[in-house]
Amino acid sequence: MDSITTQVFQQIINGLSLGSIYALIALGYTMVYGIIKLINFAHGDVMMVGAYAGWFAITALHLPFLPALLFSMIFCALLGVIIERIAYKPLRNATRIAALITAIGVSLFLEYGGMLIVTAQVRTYPPVFPATQYIVGGVYFKYGDIVMLVTAVVLMALLHFTVQYTKVGKAMRAVSFDKEAALLMGINTNNIISFTFAIGSALAAAAGVLMGVYFNTINPLMGIIPGLKAFVAAVLGGIGIIPGAMVGGLMLGLVEAIVSGLGASTWRDAVAFLILILVLIIKPSGLFGKNVREKV
Amino acid sequence: MRNWFNRKNSITLLGIVLLYAVVQGLIVLDIMPPFYMLTLILICIYIILSTSLNLINGIAGQFSVGHAGFMAVGAYVSAMITVLLKGPLILGLLAGATGAALAGLIVGLPTLRLKGDYLAIATLGFGEIVRIVFLNMDFVGGAAGLTLPKQITWSWAFPLMVLSVILIKNFVGSTHGRACISIRENEIAAESMGVNTTKYKVMAFTMGAFFAGLAGGIYANYMYIIQPGTFSFLKSFDILVMVVLGGLGSISGAIVGAIVYTFISALLTGIPEWRLVITAVFLIVMMMFRPTGIMGTKEFSLSFLGKKGDKNAASKN
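Chains A and B, in that order, are what the protein sequence lines are. Every letter in the first sequence is one number past the one before it in our numbering, and letter 196, counting from 1, is 196. Every letter in the second sequence is one number past the one before it in our numbering, and letter 56, counting from 1, is 352.
Rather than coming from a laboratory, the hints here were simulated on the basis of the structure. Where a beta carbon is used, it is the ideal one built from N, C-alpha and C, also for glycine. Any given hint could be a false lead.
[Claimed, not checked] Subject to a maximum C-alpha distance of 25 Å in a straight line, what follows is the list of computed PhoX-like cross-link-like pairs (lysine-lysine): (1) B:K304 to A:K37; (2) B:K411 to A:K290; (3) B:K411 to A:K283; (4) A:K179 to A:K290; (5) A:K37 to A:K142; (6) A:K37 to A:K283; (7) B:K465 to B:K304; (8) B:K531 to A:K37; (9) B:K411 to A:K179; (10) B:K465 to A:K283; (11) A:K142 to A:K89; (12) A:K283 to A:K167; (13) A:K89 to A:K37; (14) B:K304 to B:K531.
[To be verified] Here are some, though not all, of the chain B residues that point toward chain A, as calculated from beta-carbon distances under 10 Å: (15) V361; (16) I428; (17) G438; (18) Q447; (19) S451.
Bound-form chain A, shown alone (with noise of 0.2 Å):
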């Protein structure tokens, strides 16, 4: 194959890889704004705990891959119960601006309090996979690449399942849509929001897992730029869209591979950002999001 169409579809793999971590995180965002209108900012941060609690799961207790994932997301998904109980529900009904500034907060909290108990010090995430590759027509597939894909593709069906067939899942949607009508139709909010934090923190656990291995190490500050990054990809896709976070996070992460591709890589960060601003000016609801008309 010629070399050029090579190039473009090993940044495509590389792009899908990113952009599933992305995706993953961006859900969490998404679904915390979706159902109670809050920019999470610390939800990058509990990735990072998340990476954390993986690699402890892996080097200390010497669990093998998947049941470090598994142990890591429950960690974090009780972390995440725990950040909005004490965080955020008592400023349910609060300014928004009130709450944002919890959730920095929250997030440096996360961040310097993190860096008190593991130091600062960067960790290298131990090699948790064979380091295999796979050539088909001259693109490599890492056998890490491959593996990342099917986990998050197996979380986001799982996730989708969840929202759209489940009772808990159509509780979620009531309260996303209408939070008093939900309480009224008997619907406990308060552990639906626990729920939605939980299982939004449970896949930025797994995001942070496999960002530990895929960059191979982790720091407690690691969690800043893929946050925002996965909150372009939220907004991207339509805030409060599921199906949006996902095809976002693709995107962007598609988007950055090819700028780095380009040989652009320290532009990469203002290319997502520009496309940010730019979906925002034309379609403001996001690529997925239907335009409400405002009433007065």
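Got chain A; can you put chain B on it based on the hints?
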């Protein structure tokens, strides 16, 4: 003609001059520890930043989190003038502020039609783009940053701060300021009353950007070095926190917020590993128990002095 030197204004002026003189005296006598000096100048810079962000967020009600971006534009433009072109400081500061205002105009025109969270995200994105642009400009040092001489002294920072606050305060009290407040309260109602909402939103945004650029210029010419990393969105958050801490929509609140926040940061420099943890807990607790900030939307005023004056005048009669 209005009496500019009524009792209230004279006392405020006297207070400002006294404050300046005391600090300047301590500097001249060389008994001001350098760390205190740094903190005082930083407080001046942050007061300009927080009052100007307050103009956008609190007065006009447009949720912007890209203030560090404007600060970066001001810092880099003024650094280019003072270092690369060897221009005078005042020209650098003015050019920086004007550059930032221009950036504000360019960004504000398309993005200010967005509302609430969407505007916040767009401005956040803008701030990050600015940072990355400077990161990729090799003639201003890239990631390593640009070193520049320290030209800012207390005699520069303090009067500039006072001037900025007075200008912003007078803007808020003017017809234009009232129009901005009406947009904050209810945009649709304001529009139906004949307020040109786009014009006033862009005006407040550009003005906020201008002062952020000024603060950036002061920062650059005081700190010896500027790096793109300094102007990340975390800096925007810092400024936003000051504004909310002091009370969104209150000019004196923004000043109090900037002083308190900078002061707390300075107090905690002895324990760097705990500094941000304590700040974080402080923020969370603050939002739980007093989400309106220290001042709420109230203004600290010396009107009681004016009243006293009136009473005296009345008793004389």
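Tested hints:
1. B:K304 to A:K37: Not OK: K304 (chain B) and K37 (chain A) at ~44 Å, beyond 25 Å, violated.
2. B:K411 to A:K290: 16 Å, holds
3. B:K411 to A:K283: Holds. K411 (chain B) to K283 (chain A) sits at ~13 Å (cutoff 25 Å).
4. A:K179 to A:K290: 20 Å, holds
5. A:K37 to A:K142: 39 Å, violated
6. A:K37 to A:K283: Measuring from Cα to Cα gives roughly 19 Å; hence the hint holds.
7. B:K465 to B:K304: 15 Å, holds
8. B:K531 to A:K37: 24 Å, holds
9. B:K411 to A:K179: Within the cut-off at roughly 22 Å; holds.
10. B:K465 to A:K283: 36 Å, violated
11. A:K142 to A:K89: 43 Å, violated
12. A:K283 to A:K167: Between K283 (chain A) and K167 (chain A) the Cα gap is close to 33 Å, so the pair fails against 25 Å, i.e. violated.
13. A:K89 to A:K37: 13 Å, holds
14. B:K304 to B:K531: Violated, because 35 Å separates the two Cα atoms, which is more than 25 Å.
15. V361: Since chain A brings a Cβ to about 9 Å from V361 (chain B), closer than 10 Å, the hint holds.
16. I428: Since chain A brings a Cβ to about 4 Å from I428 (chain B), closer than 10 Å, the hint holds.
17. G438: Hint on G438 (chain B): holds, closest Cβ of chain A at ~9 Å, below 10 Å.
18. Q447: 31 Å, violated
19. S451: At 35 Å from the nearest chain A Cβ, S451 (chain B) fails the 10 Å test, so the hint is violated.
When the structure is compared with the earlier hints, violations turn up for hints 1, 5, 10, 11, 12, 14, 18 and 19 and for no others.
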